[in-house]
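Trainee: Spelled out, the chains give:
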Amino acid sequence: MAQSSVTLFGIVDAGVTYAKTSGGDSVYGLTNSGNATSRLGFRGVEDLGGGLKAGFWLEGAIQNDSGTGAGGGAAGPGFEFKRRSTVSLMGNFGEVRLGRELTAAYNTVSAYDVFGQVGIGQHFGFGVNGSPFRVSNMVSYYTPGMSGFKAGINYGFGETAGDSSFGRYIGGSVGYDNGPLSVGLGLEQQNDPSAAFDKEQSLGLGASYNFGVVKLAGLVRQQRNTPVGGGDKWKMNSASLGVTAPVGAAGEVRAAYNYYDVKSVDGKAHQLSLGYVHNLSKRTALYGTYAFLKNQKSETFSVSANGLGIATPAGGKNQNALTVGIRHAF
Amino acid sequence: MAQSSVTLFGIVDAGVTYAKTSGGDSVYGLTNSGNATSRLGFRGVEDLGGGLKAGFWLEGAIQNDSGTGAGGGAAGPGFEFKRRSTVSLMGNFGEVRLGRELTAAYNTVSAYDVFGQVGIGQHFGFGVNGSPFRVSNMVSYYTPGMSGFKAGINYGFGETAGDSSFGRYIGGSVGYDNGPLSVGLGLEQQNDPSAAFDKEQSLGLGASYNFGVVKLAGLVRQQRNTPVGGGDKWKMNSASLGVTAPVGAAGEVRAAYNYYDVKSVDGKAHQLSLGYVHNLSKRTALYGTYAFLKNQKSETFSVSANGLGIATPAGGKNQNALTVGIRHAF
Amino acid sequence: MAQSSVTLFGIVDAGVTYAKTSGGDSVYGLTNSGNATSRLGFRGVEDLGGGLKAGFWLEGAIQNDSGTGAGGGAAGPGFEFKRRSTVSLMGNFGEVRLGRELTAAYNTVSAYDVFGQVGIGQHFGFGVNGSPFRVSNMVSYYTPGMSGFKAGINYGFGETAGDSSFGRYIGGSVGYDNGPLSVGLGLEQQNDPSAAFDKEQSLGLGASYNFGVVKLAGLVRQQRNTPVGGGDKWKMNSASLGVTAPVGAAGEVRAAYNYYDVKSVDGKAHQLSLGYVHNLSKRTALYGTYAFLKNQKSETFSVSANGLGIATPAGGKNQNALTVGIRHAF
Numbered sequence: 001m002a003q004s005s006v007t008l009f010g011i012v013d014a015g016v017t018y019a020k021t022s023g024g025d026s027v028y029g030l031t032n033s034g035n036a037t038s039r040l041g042f043r044g045v046e047d048l049g050g051g052l053k054a055g056f057w058l059e060g061a062i063q064n065d066s067g068t069g070a071g072g073g074a075a076g077p078g079f080e081f082k083r084r085s086t087v088s089l090m091g092n093f094g095e096v097r098l099g100r101e102l103t104a105a106y107n108t109v110s111a112y113d114v115f116g117q118v119g120i121g122q123h124f125g126f127g128v129n130g131s132p133f134r135v136s137n138m139v140s141y142y143t144p145g146m147s148g149f150k151a152g153i154n155y156g157f158g159e160t161a162g163d164s165s166f167g168r169y170i171g172g173s174v175g176y177d178n179g180p181l182s183v184g185l186g187l188e189q190q191n192d193p194s195a196a197f198d199k200e201q202s203l204g205l206g207a208s209y210n211f212g213v214v215k216l217a218g219l220v221r222q223q224r225n226t227p228v229g230g231g232d233k234w235k236m237n238s239a240s241l242g243v244t245a246p247v248g249a250a251g252e253v254r255a256a257y258n259y260y261d262v263k264s265v266d267g268k269a270h271q272l273s274l275g276y277v278h279n280l281s282k283r284t285a286l287y288g289t290y291a292f293l294k295n296q297k298s299e300t301f302s303v304s305a306n307g308l309g310i311a312t313p314a315g316g317k318n319q320n321a322l323t324v325g326i327r328h329a330f
Numbered sequence: 001m002a003q004s005s006v007t008l009f010g011i012v013d014a015g016v017t018y019a020k021t022s023g024g025d026s027v028y029g030l031t032n033s034g035n036a037t038s039r040l041g042f043r044g045v046e047d048l049g050g051g052l053k054a055g056f057w058l059e060g061a062i063q064n065d066s067g068t069g070a071g072g073g074a075a076g077p078g079f080e081f082k083r084r085s086t087v088s089l090m091g092n093f094g095e096v097r098l099g100r101e102l103t104a105a106y107n108t109v110s111a112y113d114v115f116g117q118v119g120i121g122q123h124f125g126f127g128v129n130g131s132p133f134r135v136s137n138m139v140s141y142y143t144p145g146m147s148g149f150k151a152g153i154n155y156g157f158g159e160t161a162g163d164s165s166f167g168r169y170i171g172g173s174v175g176y177d178n179g180p181l182s183v184g185l186g187l188e189q190q191n192d193p194s195a196a197f198d199k200e201q202s203l204g205l206g207a208s209y210n211f212g213v214v215k216l217a218g219l220v221r222q223q224r225n226t227p228v229g230g231g232d233k234w235k236m237n238s239a240s241l242g243v244t245a246p247v248g249a250a251g252e253v254r255a256a257y258n259y260y261d262v263k264s265v266d267g268k269a270h271q272l273s274l275g276y277v278h279n280l281s282k283r284t285a286l287y288g289t290y291a292f293l294k295n296q297k298s299e300t301f302s303v304s305a306n307g308l309g310i311a312t313p314a315g316g317k318n319q320n321a322l323t324v325g326i327r328h329a330f
Numbered sequence: 001m002a003q004s005s006v007t008l009f010g011i012v013d014a015g016v017t018y019a020k021t022s023g024g025d026s027v028y029g030l031t032n033s034g035n036a037t038s039r040l041g042f043r044g045v046e047d048l049g050g051g052l053k054a055g056f057w058l059e060g061a062i063q064n065d066s067g068t069g070a071g072g073g074a075a076g077p078g079f080e081f082k083r084r085s086t087v088s089l090m091g092n093f094g095e096v097r098l099g100r101e102l103t104a105a106y107n108t109v110s111a112y113d114v115f116g117q118v119g120i121g122q123h124f125g126f127g128v129n130g131s132p133f134r135v136s137n138m139v140s141y142y143t144p145g146m147s148g149f150k151a152g153i154n155y156g157f158g159e160t161a162g163d164s165s166f167g168r169y170i171g172g173s174v175g176y177d178n179g180p181l182s183v184g185l186g187l188e189q190q191n192d193p194s195a196a197f198d199k200e201q202s203l204g205l206g207a208s209y210n211f212g213v214v215k216l217a218g219l220v221r222q223q224r225n226t227p228v229g230g231g232d233k234w235k236m237n238s239a240s241l242g243v244t245a246p247v248g249a250a251g252e253v254r255a256a257y258n259y260y261d262v263k264s265v266d267g268k269a270h271q272l273s274l275g276y277v278h279n280l281s282k283r284t285a286l287y288g289t290y291a292f293l294k295n296q297k298s299e300t301f302s303v304s305a306n307g308l309g310i311a312t313p314a315g316g317k318n319q320n321a322l323t324v325g326i327r328h329a330f
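Residue numbers (the UniProt record's numbering), protein chains in the order written: chain A, 1 to 330; chain B, 1 to 330; chain C, 1 to 330.
Hints were generated in silico from the structure; no laboratory data involved.
Keep in mind that this is a model prediction, so the values were computed, not measured.
Errors might be hidden in some of the hints.
All copies of an identical chain are treated as equivalent in the list; a pair is satisfied when it fits inside any one copy or across any two copies.
[Said to hold, decoys possible] Only pairs whose alpha carbons sit at most 30 Å apart, straight line, appear in this in silico BS3-like list of lysine-lysine:
#1 K268 with K20
#2 K263 with K297
#3 K282 with K53
#4 K199 with K20
Based on the provided sequences and hints, a complete structural model is requested.
Mentor: Below you can see the structure in the form of structure tokens.
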């Protein structure tokens, strides 16, 4: 009755990146995770019988340019399971998960970034000003698939003595995946994301349609932060419109336009991303990505590459960046 | 001749804990290791022929609420093999081990805590004021089982130039395990455990008897610390009396009374722990634990839960705590 | 077509070390990596078809006396893949690797140290004053074996904005391995290795000949550092001459004489190393190593053992050190 499996898995993705900021210096370097985030993980599922299953998932990021461990996005002081560390109970009712992982709100909407939230070409509108990618101390519930519909909800304890709402995260998503059409909506509220803000709230919507020859994908997102002590909310609108298309038996081209508008800053930012992935196998690919970022007026958005310091441009300055690399999964 | 095996193993245990200190704040949160310590490890044994075997054991703790690594009990800066990192030579003579691990003195006596030295229900008399759970830089010897008798001795180098006794740990245990009866005795001396003490010494005794319907277990322990510069020794007596009983095919109830008496503090502490474990399989269980801690007069003992800050009560104040969780081993 | 393998591998090596510095204190302790560096790693190769292969290699050091992780040589804050973290593409053309690893210059020449660059008996002339063992952010190319000839080249990005030469590493090696004869040459230039130096350059040559009854091995190396602001170069010459011989079916004796001469210091250092390795299997061995280090005049070279602080001797003072241990590979 108790069948089980434990899987060791991971990705090592490395590339060479060049970045140039208008009016600034250029920089070259070896970068990580240009096509998929470098990681090492251990996961398993146990069949408990009667349709019930238990599972665990431990996964940490790796900065393979230097060999250091890295937490969820930020560099960590040693290998840690900060990408995901959960234990689950699964059944016909869906899945209950305890631990740290990507939020459903982020995960569901960011899935419509055709650059997969990695490298210089990705949409940079997530994770800004206290909106989390991942949350610790969460109790989560995910529905089973129901004719293509699915939903998830995350509750993250603030763990503050005497004030259970301080630092609390609540978010969720609903999605529909059926045939060529996919739609997802995510919303969240993070209390006390920083000393400056009482509250961070975001709402995102994404969709894709696979025409076969090309697949179209897009997302829009709005984030509002409530300042401590009142006053105008900090607001950001961002959007991404992308397309992917197979080229021959092993290739895929990608292109995306990304838009960022922080209301308190004069000017918007526009990003154009172009990419090509050449699959050597299901697990291994060569890739190239080019990104152009245009800041208007006072805006100072920046591309970023894992493992290389790319200076944030001065207000209104542009950036060009190029990565060529290899991704190997195991 | 050289048969061998390498095993990847671990536990992910997560729960929701509520704790309330009299006259203080309550706190809620996601906690780890309520039923068994969350961990990841690698171990193996090689058959060298002629009855000789070599083995290794690398095991580190995981704080799965946040994904960080954690050393032996305390939070670490990244995943480390601080639970155990040893290499062994085994044969008819027993086992010689080099490295870091639980001491025999702690391991043998703490085995009679029916809450398994984890979670809010555990006996908190170990690991206080310089008495170690684990020691680094050890050379250890464990006898083979001899008609139920077994013994172990640990020598931990102080590694201090010019003074080989400074920081040195010496401890050992003897035990007897046969049929329903189990008895264990452990004693230790840790030199220079802190700036305040020249020496820490402890003696513990535990026993259990399995009546079938219920199993009774208990332990008593005394610790004496010699202050630097002389004066009265710091002394603590502690004890635990517990019972476990199977409930149906898959359940087990646990109850324990724990007693703590620090001689230099006016007043004692009493702890009552109640628990239920429901096994979904050999590897997976749901559990609930309730603990009530009563401090008398000036005493300030506290329950603790891995991954949640529970404030130490003011003198004489009580605590109530409850954890409900899931443990999954792989 | 896509055959693949993922291998979990490692070594746990522990011993007891005694060291005594003339005119100073003696120290005892449990040490790591006396015969081979303790480590844990994950590696794999995927056959891509058409003679092409992809591979990854993630490997970190372990300080098993205390369970901490350790980077390339130095203690790290948690387990990290600092020994090697690379992704490779391999074919008839050789191998292209991206990431962090040992440099070809170091690896090729140090291979002729009969004590394998571990423990108190090793040649200590490498890794001094900014000459790296390992380099991050590298693009490397290794030739296939060609009638015993092989070569490698490493380019390590400095990753400095506006100055692509700052911090850059360039090095390479050529080698010949055929029958009893093996020869290797390595050279390197590390820009800006420290605040004191603009440049570090080294050239090393090693060779060995296997006579069957004994194997003779030796190396010579010169390093030159260019000071910031000009002035005389810092120079070091070092050499090693060693011999290994099988003893019976399972044993091997080793002996080496090492020589160190830092030009700016009055006096040279001489080191005599003796060792015996008794193989219990291919993976497991008992070993003993003795080292005597003689500093002349003002020279202050020192033996070192992983996991034990051995004081650097005062000028002209000698050291004696002894390690007895066990190495177990998996």
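Trainee: List in ascending order the numbers of the hints, as given earlier, that are violated by the structure.
Mentor: The structure conflicts with no hint, since it agrees with every one listed earlier.
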